[in-house]
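Colleague: Single-letter residue listing:
2 protein chains.
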Amino acid sequence: MNAAADSPAPTFADIEAAARRLRGVAVETPLLSFPELDRRTGARVLVKPETLQRTGSFKFRGAYAKLSTLSPEARRRGVVAFSSGNHAQGVAAAAQLLGIPATIAMPSDAPAMKLRNTRGYGAQVRSYDRRRDDRQALAEALLEETGGTLVRPYDDRKVTAGQGTCGLEIARQARDAGVRLDDALFCCGGGGLTAGAATALAELSPGTAVYTVEPEGFDDTARSLAAGHRLGNAPDAHSICDALLSPMPGDLTFPVLQRYRVQGLAVSDGEVREAMVFAYAWMKLVVEPGGAVTLAALLSGKLDVRGRTVAIVLSGGNVDAETFCAAVCTA
Amino acid sequence: MNAAADSPAPTFADIEAAARRLRGVAVETPLLSFPELDRRTGARVLVKPETLQRTGSFKFRGAYAKLSTLSPEARRRGVVAFSSGNHAQGVAAAAQLLGIPATIAMPSDAPAMKLRNTRGYGAQVRSYDRRRDDRQALAEALLEETGGTLVRPYDDRKVTAGQGTCGLEIARQARDAGVRLDDALFCCGGGGLTAGAATALAELSPGTAVYTVEPEGFDDTARSLAAGHRLGNAPDAHSICDALLSPMPGDLTFPVLQRYRVQGLAVSDGEVREAMVFAYAWMKLVVEPGGAVTLAALLSGKLDVRGRTVAIVLSGGNVDAETFCAAVCTA
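Going line by line, the protein sequences match chains A and B. The first sequence begins at 1 in my numbering and counts up by one. The second sequence begins at 1001 in my numbering and counts up by one.
Hints are supplied without guarantee of correctness; some may be wrong.
As the list claims (entries may be wrong) - If the Cβ cut is set under 7 Å, some of the chain B residues that face chain A in the computed set are:
1) 1030
2) 1056
3) 1075
4) 1078
5) 1121
6) 1284
For the record, the hints were derived by calculation from the structure and aren't laboratory data. Treat the numbers as computed from the prediction; the structure is a model and nothing was measured. We treat Cβ as the ideally placed atom computed from N, Cα and C, and that holds for glycine.
Generate the whole structure from the sequences, applying the supplied hints.
Modeller: Shown next, in the form of structure tokens:
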């Protein structure tokens, strides 16, 4: 057994294996250019719209990569997950495709579209109160009740390997287009997408600088990376980015981000709304608040990208029409 | 001089030449799959989102293909166009890229986004009243005043060749994906996109059946194709599809549609709104009313596509936020 196999973090080979399992199931999202975005930023920006991914976010990649490796016995017992919505939909859709029962606990204030779709993919949804209920106790009760396998949203080697296929595709698509990437920006909750993608980029595009982007108030990863150890967020923090409200960097993910010298950026809710409006008006893409943070970072000048070639992921598009229209109609 | 060069209709070679001129300027839009769309229709649907095209619609292809062939002297004199908005933006953006002055007459009730963007690309916009003003007289006055070249939206060989590059890409992308296309659906105003695309498909994918989709009340092409000669629309017809309100099939385009045995479909405003909502919820794409007619035709069952492989073009995404949100928020 080699060292890599002992590590909880995904290796490049893990990501390649996940990509093979996802072939023909996940959408290979394109890498798009938008002249107006290049004009505004002074950069060449390549946009990876994971909004077009199955279930409307990159989370499907990690969920299917994990579930497709479960044994027949584990599949029969089913899976359990906790999520405000994108991981929930990813797990539910992957479970449906594989014929696995899924029980998913979601906060009662999750966006209606995320709740509806998770049920639509056939999962049993258990609602809990984000403030009152003890999530840990609920998890233990659900696991005991169902006998199922817990599918963590980021602190899981196979899940992060699956999420990393997004970075693998970026590196290969950029190479096929004859482009050298200077920077790559990823949204960050627990850090699974960035950890997986940074692992892929380190192998295929080692000169690319990797950045996380978080909402202000939930910039635990940015502060942790700067401090050199994991820090949490203030308990009263608030953001419209419902997908990115993780309490602190992951056990598995944080050392990976450190290893690849990832740096952290943060954006305000106002900057996120402006990015959603820009995506509506100039990219014709529906992007949810948490999915728009990388675009918000570029448009608000959080990073000097003039003259550089930059890849960004728009990580999800599952936003209730009322929330979306409140942003784009008042602009 | 060969026969093809005498014909006002574009040849396959014209479309290939236009594609070469558009390389690196127009966006090669992807051909996307959406599992929920396949599930709803029972077909394998390949979606070409020209919403992601430069200026937010396929019209840029035709405009740039035309303007890039003008002589230095004609470029100096400038170009003139009439358009409710997508051709206007296409011509304005192409003219800006090529350093050509553009004067564009637009109806005063065109969507605000289309008016704003056309001006944003540097064109002089002249507003006219769709009902009161004599468009022909206005055209002659503008041409005399500016000495410019009139860029017609569809009855022009080079414009339709440029628009046909959309069909060329569909045929090549489907072939690269190992897919045989049974059907291809295009929105239809004057018929330029369909005429160009049908010409490309006849060469590269001759077994593919081609359909136009129009708004009810503006289904002049469907009725003309059925009758075997050109027919107009009732003068009091009304539709939310502002991009598709052409009075009758084009001189150039109609014989091309007949030659390739194109058939015509029509959809109601309600079906268009439902398609816009579907695109929002399941495809995360912003599609304008006229851009959603092909999707509307599939979702409302205008064509039995079960078990078939079908390409559709989402032709544009330039829709005012108020109009968009009125459709998606009341669904």
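Colleague: Each hint should be assessed against the structure and marked as holding or not.
Modeller: To see whether the hints hold, each was checked on the structure:
no. : hint : result
1   : 1030 : holds (4 Å)
2   : 1056 : holds (6 Å)
3   : 1075 : violated (21 Å)
4   : 1078 : violated (22 Å)
5   : 1121 : violated (10 Å)
6   : 1284 : holds (3 Å)
Of the numbered hints listed earlier, those contradicted by the structure are 3, 4, 5.
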